[in-house]
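Undergrad: Residue numbers (the working numbering), protein chains in the order written: chain H, 1 to 525; chain D, 1 to 93.
Just so you know, the hints here were simulated from the structure itself, not pulled from any lab data. Source: prediction; values computed, not measured. Just so you know, even glycine gets a beta-carbon here, dropped at the ideal spot from N, CA and C. Any given hint could turn out to be false.
[Unchecked claim] Cβ pair distances, simulated, as ranges: (1) D:Leu3 to H:Ile299: 57 to 67 Å; (2) D:Leu47 to H:Ser388: 49 to 59 Å; (3) D:Asp7 to H:Ile467: 45 to 55 Å; (4) H:Glu185 to D:Leu55: 39 to 49 Å.
Each chain, written out:
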Amino acid sequence: MNAVMPFSLSDVSGEKHVFSGDGQSLVCFIKEDCPTCREVMPLLDALQNYLDEKLEFHVLGQTQEGNAILEREFTPAFSIVDDSELKVSFETDIETVPALIWSDGTGSQKELIGFDRSEWQQLITTISSFNALQENEIEWSAFPEWRPGCGSLSVDPIHADRLRAESENSPIRARKIEIGVQDDEFEFMFDQGFSDGLPVIPPTAERVVRMLAGTSRDPQEVVAVMPPNMGEVTVEKIAINCVLAGCKPEYMPVVIAAVEAIATDDYNIHGVMATTMGASPVLVVNGPIRKKIGMNMGIGALGQGNRANATIGRAVRLVVRNVGGAIPGGTERSTLGNPMKFTMCFAEWEERSNWDPLHVERGFEPEDSVVTAFTMSSGPVLTTDESSLHGDLLAGTIAQCVQTILAPKAYGVTDCLIVVSPEHVDTFSRDEYQKADIRRRIQSVTQRTYREMIVDNISGSGLKPEIAAKMDEETLNKVVTKFGSDSNIHIVVAGSEAGKFSGCFHGWLTGPKGSIPVSRKIDER
Amino acid sequence: MSLTILDPTNEAVPVERQVSPRPETVKGKIAFLDISKNRGSVLLDRLQEAFEQRLPQIEITRYMKPTFSKPAPDDLRTDIASNNDFVVEALAD
């Protein structure tokens with residue numbers, strides 16, 4: 001419990017009661033609907049009579065209506081001070097009422113909660129001797145030996161988040177924006193440009209404080225600097241955007257890690273947002289947190305309907321929009337855009353295959369929770385293969401589909417993220433086909449000679465004839481693969497048990513000149 | 001009762017800057033910046049020919065961004081700003 005903060009509060013009749021906190025004081029916090037508080041009312045009256053000349057005596061009540069009722073029923077000699085805003089109760093850290101606090105005026109205080117007759121009697125004896133008062137004449141036997149206290153309204157969940165947001169050491173530093181009484185808050189937020197085009201939840205201080213409970217990180221810690229406007233992304237700003245997006249507090253650690261990932265130089269969110277190609281982050285979550293926060297990795301994992309999947313991806317995009325300043329038509333220049341720009345986040349069904357999951361392939365421990373951010377320009381594109389019974393044939397179908405990424409003759413410039421469905425996992429398992437085998441097969445099926453890459457009368461996209469003319473025979477017969485390296489082919493498992501359909505996200509520009517996938521361990525503290 | 005919300009943006013207020021004065025004539029040093037987009041160099045080659053024919057009092061220096069997908073590195077920006085009077089940037093393919 002803290003020292004009672006100085007206050008200036010009114011009583012039922014409107015008279016001001018000022019408490020400086022400087023001298024000796026006895027302060028009691030009560031609320032009307034607490035039976036124990038009601039029982040001690042006559043005792044408080046007696047104490048006021050006995051001690052009033054020696055110290056400051058105040059009784060603070062936690063509701064206006066309750067204070068009036070108590071004064072009417074008990075007609076005490078004191079007036080009950082109105083702490084219905086609960087600020088003094090909150091700052092004093094009152095969890096239980098009645099709470100009786102004696103401060104001797106030299107910095108030391110004694111606190112009692114609930115009612116234990118012998119404790120109260122002992123405290124009053126201490127105060128008597130401290131003030132060299134004569135023996136009190138309080139009839140202690142008129143009071144019960146012991147009564148439990150009741151919960152203070154200041155810790156009631158209805159009020160606690162507001163009080164925390166408004167308190168002296170509030171974690172909130174963001175600018176407050178008042179919405180006019182006549183304004184509709186949802187329309188207001190559209191008008192302010194805070195939305196991705198869908199309704200957003202109003203980020204009130206209470207909601208943001210609740211969201212911040214999802215992480216132990218300092219609300220003012222700068223997690224990243226977000227292009228294009230190089231906005232400082234604090235944990236608090238992430239929490240505000242998580243509220244907008246509809247997240248639960250337990251999603252915060254995933255969103256923080258994802259923001260860290262996309263704000264790296266490797267990931268290059270500036271280019272991802274600015275490109276006319278319409279690229280967007282695609283987030284894959286691995287590890288125990290998937291289940292802890294209820295992410296979908298099964299039926300319809302890449303679609304709508306799961307709050308964690310939908311709102312984590314959305315929150316990350318809203319951070320880029322609101323803190324980074326990437327607005328379509330401004331620095332976001334996508335020709336067509338794509339629906340992933342609203343949100344795209346899902347979890348890998350690690351247990352459904354015997355393959356190493358994505359995060360283990362990328363150097364993390366199986367028990368780590370990890371988010372990996374990819375940049376994809378389109379997807380998920382469906383690959384249908386209900387006929388292939390062997391890994392080689394199924395991987396061959398997937399290869400033929402991914403060969404068209406960006407353009408059929410666009411080679412060595414992109415990534416892909418293949419989402420293998422459970423039935424296709426079973427086909428691969430039959431031949432003990434590993435992720436590495438799929439990668440090799442894709443590279444092998446899609447390989448072409450430079451000669452085959454020359455533009456023809458079907459498409460003007462490919463190797464320009466004037467460049468090919470400068471190549472010797474040996475070079476023209478050299479083979480190139482669709483992906484610069486096997487490591488540009490990313491593979492995860494997700495989806496329902498039924499359906500021989502896998503999905504593929506098509507990449508953007510990969511490598512240092514574009515975007516390199518980035519994984520971040522999720523700090524679950 | 002009115003509702004108070006928290007600002008989700010970075011709260012930055014952009015600094016307003018004057019546009020640098022526009023000279024009446026083009027002379028001195030001109031930076032030609034190729035941002036590494038396909039065929040940006042073709043456009044700059046043609047422009048350079050045209051500039052050199054019509055504006056004999058200029059000296060053109062060619063610069064190149066490492067990639068069009070990221071902002072120009074600080075060193076490159078400083079070099080261009082401190083050694084040139086004008087910049088022509090080829091943006092697209």
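Undergrad: Does each hint hold? Answer for all of them.
TA: A quick look at each hint next to the structure:
Separated by about 38 Å at the C-beta atoms, Leu3 (chain D) and Ile299 (chain H) break the suggested range of 57 to 67 Å. About 54 Å separates the C-beta atoms of Leu47 (chain D) and Ser388 (chain H), a value consistent with the hinted range of 49 to 59 Å. For the hinted restraint 45 to 55 Å between Asp7 (chain D) and Ile467 (chain H), the CB-CB distance of approximately 52 Å keeps it satisfied. The hinted range of 39 to 49 Å is not satisfied by Glu185 (chain H) and Leu55 (chain D), whose Cβ atoms lie roughly 58 Å apart.
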